[in-house]
Amino acid sequence: MDANRINQFTNDFKDLYYTDPFYESSDYQASEEISAGYFMTEINITKQLMFLGGARFEYTGTNYKGKYGTPKVDEDGNILAGTELKDTSGGNNYGEWLPMVHLRYKFTDWFDARIAYTKTLSRPNYFSLVPWIRVYDFNSEIEKGNSDLKHITADNLSLITSIYGNFGLFSIHGFYKEISNIDYTLEYQINDPGTRYHGYQVTEPVSSDYTSTVMGFEIDLQANLRFLPSPFNGLIFAGNYTFIQSETFFPYFYKVSDGEPPFFVPVFSDTVRSGPMPGQVDNTYNLIIGYEKKGFSARLSYVFKGLNLDISEEPELGSITPSVGKNEEVDHYTGNYSRWDLVLKQKFYKNKFSVFFNAQNLFNLQEFNYLGKSLREIGIEDTGMTFDIGVQYNF
Numbered sequence: 005m006d007a008n009r010i011n012q013f014t015n016d017f018k019d020l021y022y023t024d025p026f027y028e029s030s031d032y033q034a035s036e037e038i039s040a041g042y043f044m045t046e047i048n049i050t051k052q053l054m055f056l057g058g059a060r061f062e063y064t065g066t067n068y069k070g071k072y073g074t075p076k077v078d079e080d081g082n083i084l085a086g087t088e089l090k091d092t093s094g095g096n097n098y099g100e101w102l103p104m105v106h107l108r109y110k111f112t113d114w115f116d117a118r119i120a121y122t123k124t125l126s127r128p129n130y131f132s133l134v135p136w137i138r139v140y141d142f143n144s145e146i147e148k149g150n151s152d153l154k155h156i157t158a159d160n161l162s163l164i165t166s167i168y169g170n171f172g173l174f175s176i177h178g179f180y181k182e183i184s185n186i187d188y189t190l191e192y193q194i195n196d197p198g199t200r201y202h203g204y205q206v207t208e209p210v211s212s213d214y215t216s217t218v219m220g221f222e223i224d225l226q227a228n229l230r231f232l233p234s235p236f237n238g239l240i241f242a243g244n245y246t247f248i249q250s251e252t253f254f255p256y257f258y259k260v261s262d263g264e265p266p267f268f269v270p271v272f273s274d275t276v277r278s279g280p281m282p283g284q285v286d287n288t289y290n291l292i293i294g295y296e297k298k299g300f301s302a303r304l305s306y307v308f309k310g311l312n313l314d315i316s317e318e319p320e321l322g323s324i325t326p327s328v329g330k331n332e333e334v335d336h337y338t339g340n341y342s343r344w345d346l347v348l349k350q351k352f353y354k355n356k357f358s359v360f361f362n363a364q365n366l367f368n369l370q371e372f373n374y375l376g377k378s379l380r381e382i383g384i385e386d387t388g389m390t391f392d393i394g395v396q397y398n399f
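Residues 5 to 399 in the working numbering are what the sequence shown spells out, letter by letter.
One or more hints might be untrue.
To be verified - Below, computed lysine-lysine pairings styled on DSS-like, alpha-carbon distance capped at 30 Å:
1. Lys-377 with Lys-181
2. Lys-154 with Lys-330
3. Lys-354 with Lys-297
4. Lys-309 with Lys-181
5. Lys-309 with Lys-154
6. Lys-154 with Lys-69
To be verified - Computed beta-carbon distance windows for the label pairs:
7. Tyr-306 with Thr-45: 39 to 45 Å
8. Asn-143 with Thr-45: 57 to 63 Å
9. Thr-45 with Glu-333: 50 to 56 Å
10. Gly-394 with Ser-144: 52 to 58 Å
11. Gly-243 with Phe-367: 17 to 23 Å
12. Leu-232 with Phe-399: 31 to 37 Å
13. Leu-163 with Glu-46: 18 to 24 Å
14. Gln-193 with Leu-225: 46 to 52 Å
15. Asn-398 with Ser-234: 23 to 29 Å
16. Leu-304 with Ser-234: 18 to 24 Å
17. Ser-278 with Tyr-130: 25 to 31 Å
What the hints contain is simulated information worked out from the structure, not anything from laboratory work.
In this text, a Cβ means the ideal position worked out from N, Cα and C, and glycines have one as well.
Could you put together the complete structure from these sequences and hints?
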């Protein structure tokens, strides 16, 4: 390469190149420090009754730095150079005790029942906590992060009965959860005539002010059929089904009229509405049929998950989609989804060498996204089929 010609090219066309503020505003710094300690004890009260209890303490410190600004646009809405970005920061520090108590009673060597209480903690996504802001004056929209999001806590109560032995496991699990501070992405309108952002549409992650509840049951069966005559004694079957009901509460904004016609003024009022917890399906099940014999292993599995209020698994700075709208007709849903997978493996040479084949989404099933309870289709996710084939050697 000729360095002089490269420099000449740069000088001739430098006016055409600039730092795109749209991407620069996505820069952020994040730090999170977690320290924890726990104690636990196990007491066999009788031969049948066992107590397991303890507690964990976690202390979390977070610090985030982001950018905010108002992009300059042309008459077509295209972002132009020259947007001024400013630094912003946020963070939080908190400690939380997480106790747990388990009781198990063994009726026989093959049948027991367990009851448990646990308190658990979950933290918001990094991207949701970064204090970035984008104000789009040309279409009256604001997108932002929220460093004031609270951590999620859940009080969990479970009752489990299990039957187990040489041929497999059968269990029934009932559960109830109360969850505080769930976070989701909300879309709302600013209704404050005293600010220049009056009427702007805002999209941001928020923490719920209300307690969410989740209840349901799960049935699980795992069986091998080794009692059958050869070659059927290599068959394996597993399946589980989960039914869940969840409820949480969201802000609800609506317009009303103040006064009598023709002397009335439109004003906005707000209340709350109930709905399913974001990301929580109501039905899910999976089935597995397999075979294992003389180094050969095969698994064919089917997975189904039901409709759920959408939640962004991998949000991006400056590009967030609301899961919860101003009303239920603009909520975002992910539809029913199912998938078939296949895994094959054969071992050789004293089980040190093996050949494997994996296939995911055998029938190329798609995932659909919908708007509102009337399920108006707004998107399709087509992940396609994937195949892996290879060899493995264990030294």
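Against the structure, the hints come out as follows:
The suggested pairing of Lys-377 with Lys-181 holds, with an alpha-carbon distance near 25 Å, which does not exceed 30 Å. Our distance criterion of 30 Å between C-alpha atoms is met by Lys-154 and Lys-330, whose separation comes to about 22 Å. Simply put, Lys-354 and Lys-297 have alpha-carbon atoms about 14 Å apart, close enough for the 30 Å limit, and the pair holds. As the CA atoms of Lys-309 and Lys-181 are separated by approximately 20 Å, the hinted pair is consistent with the 30 Å bound.
Of the pairs offered as hints, the one joining Lys-309 and Lys-154 holds, with about 28 Å between alpha carbons and a cut-off of 30 Å not exceeded. For the given pair, Lys-154 sits about 17 Å from Lys-69 by alpha-carbon distance, which is consistent with the 30 Å threshold. At roughly 42 Å, the beta carbons of Tyr-306 and Thr-45 sit within the given window of 39 to 45 Å. Between Asn-143 and Thr-45 the C-beta distance comes to about 60 Å, which sits within the given range of 57 to 63 Å.
Look at Thr-45 against Glu-333: about 53 Å separates their beta carbons, and that is inside 50 to 56 Å. Under the hint 52 to 58 Å, the C-beta atoms of Gly-394 and Ser-144, about 54 Å apart, fit the expected range. The hinted range of 17 to 23 Å is satisfied by Gly-243 and Phe-367, whose Cβ atoms lie roughly 19 Å apart. Distance hint for Leu-232 and Phe-399: a CB-CB separation of about 36 Å, consistent with the stated range 31 to 37 Å.
For the hinted restraint 18 to 24 Å between Leu-163 and Glu-46, the CB-CB distance of approximately 20 Å keeps it satisfied. The given range of 46 to 52 Å is respected by Gln-193 and Leu-225, whose C-beta atoms sit roughly 50 Å from each other. A C-beta distance of roughly 27 Å is found between Asn-398 and Ser-234, which places it inside the suggested range of 23 to 29 Å. A hinted range of 18 to 24 Å holds for the C-beta pair Leu-304 and Ser-234, which are about 21 Å apart.
The beta-carbon spacing between Ser-278 and Tyr-130, approximately 29 Å, falls within the hinted interval of 25 to 31 Å.
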